[in-house]
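Chemist: Chains as they are written, first to last, in my numbering: chain A, 1 to 347; chain B, 348 to 681.
List time: in silico DSS-like cross-link candidates among lysine-lysine, alpha-carbon distance up to 25 Å: (1) B:K384 - A:K157; (2) A:K180 - A:K316; (3) A:K239 - B:K384.
Simulated from the structure, these hints should not be mistaken for lab results.
Listed here are the chains, written in short residue letters.
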Amino acid sequence: MKRRQFMGASVAALAAAAVGTPALAESKGKIYYMVPTLLDEFQTESVSAIEKFLKDVGYEPVTLNADNKTDLQQSQMNDTILLQPKAIVLAAVDFNAIQPSIEKARAAGIPVMIFDRQITSTMCDFTSVAGTVEIGYVAAGEAQRLLTERKGGVKGKILQVLGDPADPYTLDIQKGFEEKMKPFPDVQIISLPAMQWEASNAGTIVADQIVANPDIDLIFNHAAHLSVAAVAALEAKGKKPGEVMMMSSNGAPVGLDLIRKGWLNVEVEQPLYAQAAAIAMFADKVVNKQEIKPGTYNVLGLESNLAIEAWGPNLKIPGAAITKDNVDEPRFWGNLKAPADPVKSVE
Amino acid sequence: MTMTSLSQRSIANFVLDHLVWFMLVAVLIAFSIFIPKFAQIGIYANIIEQSTFVGVMAVGLAIIIISGHMDLSVESVAALSAMVTGILFCSHGIGLGFSTKPEWLVVPISLLLSLLVGGALGLLNGFFTVRLKMNAFIVTLASYIWVRGLVVALSGGRSAQDLSPSLRWLGIETILHVPLIAWIAILVFALFTFILVMTPFGRHITMIGGNPIATFRAGIKVDRLLIWAFVIAGAIAGLAGWLLAIRTSGATANLGTGMLFNAFAAVVIGGVSLKGGVGKLPGVYAGVLLLSSIHTAINLMGLPAHYTQVILGLLVLAAVLLDTVKHSIRQRFT
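Kindly generate the complete structure, drawing on both the sequences and the hints.
Modeler: This is how it looks when you write it as structure tokens:
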């Protein structure tokens with residue numbers, strides 16, 4: 001009897017759920033988001049943001065995690081193509097290796113939108129990026145400012161702690177940073193990679209270098225979670241906040257906390273919310289294969305430039321330097337205050 | 348047999364038994380001479396500090412390998428222990444910021460929790476391997492995967508930071524320039540060296556690794572001892588995670604990634620036979636120090652980190668080759 005009551009209640013609950021979910025009933029279809037990993041806070045928050053914004057514009061998001069494995073992401077792409085979704089949002093593990101999968105998806109009539117990790121080697125239907133090389137540029141500008149403020153000129157020694165050397169993301173930041181620092185011959189840059197983006201590897205690098213090169217003026221970590229271990233290493237060497245200048249990139253919550261405590265001078269943020277919102281704003285146009293016009297678009301209050309590049313429509317959203325003066329502004333994703341207002345599709 | 352040949356044999360045996368220590372000394376001398384800024388107390392202290400986590404992890408791994416089994420889960424178990432410590436005792440990120448009164452109680456409580464987390468997972472590995480007769484390689488490979496998944500699920504991919512100062516001081520305070528956490532690792536090596544050499548448990552574990560059937564026939568409770576070995580290896584991995592959280596002042600979802608292979612390399616370089624029944628922990632510690640010295644040298648030389656892996660791989664190969672050569676050299680002197 002009890003079992004029958006339970007079954008009845010379950011059926012009623014399922015029926016109620018089916019009736020009570022108009023969003024699903026009105027869904028414009030599924031869009032798959034291929035997230036490269038869930039082992040860092042940027043990617044984790046990108047899932048929440050993209051899913052929220054895609055729902056705002058009527059799509060049903062599905063996320064697949066590639067666990068930082070190129071072959072796994074390729075398999076996921078192949079499987080997803082067979083499911084014929086409305087579109088695929090891709091943040092690539094490996095920019096080059098995934099190219100054939102993008103081409104295969106597009107040949108099957110499934111548009112591919114690129115999120116965060118730029119791919120220029122093949123045509124894509126839409127790209128929303130801050131530009132990893134540009135993050136390096138912003139970081140270089142801030143490094144120049146910090147060195148000038150402390151030393152009266154752009155001179156000194158910088159320790160650059162990269163992420164995993166097999167990750168093009170970190171190599172692009174390095175490229176941008178070193179390109180803009182090149183005109184300053186009085187700056188010595190020591191670059192070392194933290195294998196697998198693992199925090200204690202960054203701590204080890206900082207611990208060794210601060211002993212071997214006690215005159216290091218500035219440490220630039222390519223991710224905020226590396227800064228946490230770097231700070232722990234400095235603390236263990238008896239350093240106080242601000243004694244060695246430090247900056248990092250991606251704008252994660254841990255980085256913002258370190259700014260508040262005085263350990264970190266600058267965090268170069270990737271505008272995660274705006275990048276994710278742009279995907280949703282242009283989703284209808286991409287899915288319906290409508291023309292996307294170049295020009296300036298306002299994405300969550302950020303003036304962003306859309307250009308038609310050789311690889312397709314490319315929206316570049318400016319990154320920002322976070323310092324003690326602006327660290328509490330809710331627009332920074334590191335404060336984890338995702339915009340509550342729904343985004344709207346562009347006309 | 349003449350006196351000369353006797354002394355030659357004992358010298359040869361001594362050198363072969365402690366080969367990894369001789370290699371370590373040779374490497375340290377070479378690095379100190381040829382790498383600028385290497386020869387200083389701070390760098391030597393760094394090498395000892397950096398050996399802490401892989402070293403502690405390698406102790407548990409070595410015990411399991413000496414017992415004739417395998418434990419691939421130690422890295423993920425350490426990560427889970429670090430994450431549990433981070434979540435409970437960090438005040439930022441996903442940290443809940445629990446505190447105790449008096450404050451020092453946080454040290455034994457967090458340590459006990461880490462040991463329990465590790466020990467429980469070790470018990471699970473031991474149960475499947477010993478009681479259900481499943482292959483230890485597969486059981487612990489599964490644990491390696493699902494426990495890391497649990498770390499990601501628990502953290503939601505976010506990190507815990509700002510560990511309680513009552514714990515952090517262990518990573519900051521030093522004795523003879525060496526941080527307390529590194530002294531803890533040295534104590535762990537000393538304690539388990541004593542256990543393996545001087546106690547019936549240790550001797551029986553080595554016997555089991557050499558010949559489990561003969562050990563069983565000698566009346567020794569092989570299954571029970573093996574389960575204990577897995578529990579101890581898990582608890583030691585938990586301890587490694589606790590130390591890692593203290594060193595990095597928190598935990599990230601990918602903390603400790605790649606340490607398993609370093610621990611394996613240290614165990615092999617340290618002279619532990621993968622066939623079981625052979626191995627001494629001091630050699631493993633020398634292996635860990637050797638690897639840390641090479642990592643540090645590569646850091647100071649500014650070589651791309653890819654070289655670390657190349658050198659590491661070649662070193663493991665060389666260690667196995669040396670092990671093979673050792674037998675023929677020994678035979679020549681006997």
